[in-house]
Amino acid sequence: MDGFLLALMLVFALAMGGRDQMLVAQWSSVLGASAQLLAIAVLCAALSAGAMAWIGAEFAALLPRRAGQMLVAFALAVAAVELALPVRAKPLHEPTRSIGALGAVLLARQLSDGARFAVFALAAWSLWPAMAGLGGALGGAAALGMGWGAGAARLARLPLRTVRIGLAVCLGTAALFVGLGARFAIG
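Take the sequence shown: its letter number 8 is residue 8 in UniProt numbering, and every next letter is one higher.
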């Protein structure tokens, strides 16, 4: 249950102001806030969180405990770096209204973002990796739903860059302590 709640809250917080949320907000503003757009966004959030949870669990099962802790530290550090990078939302020029194409773009972006690396780390750390994947899917879906409902203009008024920098510092610190704990553990 800890992995579920941590993943739910962490992915929601990390996805705020992220590339995937901004993309869904832009699509919602330009193409309209349709139920199909929301459904594909939620599906992509579930697929990306499930994939990263499965990969994290598989990697952790292959490694000794301390190496698994270093893997978690590395995933947290990658998530921190991704959060620290500025998100530049370019105006949409693509005339497509294909839900499949939009889903493919969204899924590709999600598989390389900080929120999904956090799911990877939590699945590697957790006793029940599926719960981390479920929490990550729900947290990601909630953040995308917020972007879908708010639209690009309302989302741009929020101080999301400051929040992302603060979260990057927190994740970087957590990665440092997890890595040091793995490196200098006694026993």
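Because the hints were derived from the structure by calculation, they are not lab data.
Remember, it's a predicted structure, so these values are computed and weren't measured experimentally.
Please note: incorrect hints may appear among the correct ones.
The following label-pair restraints were derived from C-beta to C-beta distances [stated by the list, open to error]:
no.	residue 1	residue 2	range
1	Ala-35	Phe-184	48 to 58 Å
2	Leu-43	Arg-157	20 to 30 Å
3	Ile-99	Phe-184	49 to 59 Å
The beta carbon of each residue, even a glycine, is placed where N, CA and C say it ideally should be.
Structure-based check of all given hints:
1. One distance hint, 48 to 58 Å for the beta-carbon pair Ala-35 and Phe-184, holds here, with the actual separation near 52 Å.
2. For Leu-43 paired with Arg-157, a C-beta distance near 28 Å keeps the hint of 20 to 30 Å intact.
3. Between Ile-99 and Phe-184 the CB atoms are about 50 Å apart, so this pair conforms to the stated range of 49 to 59 Å.
The structure fails none of the hints (numbered hints given earlier).
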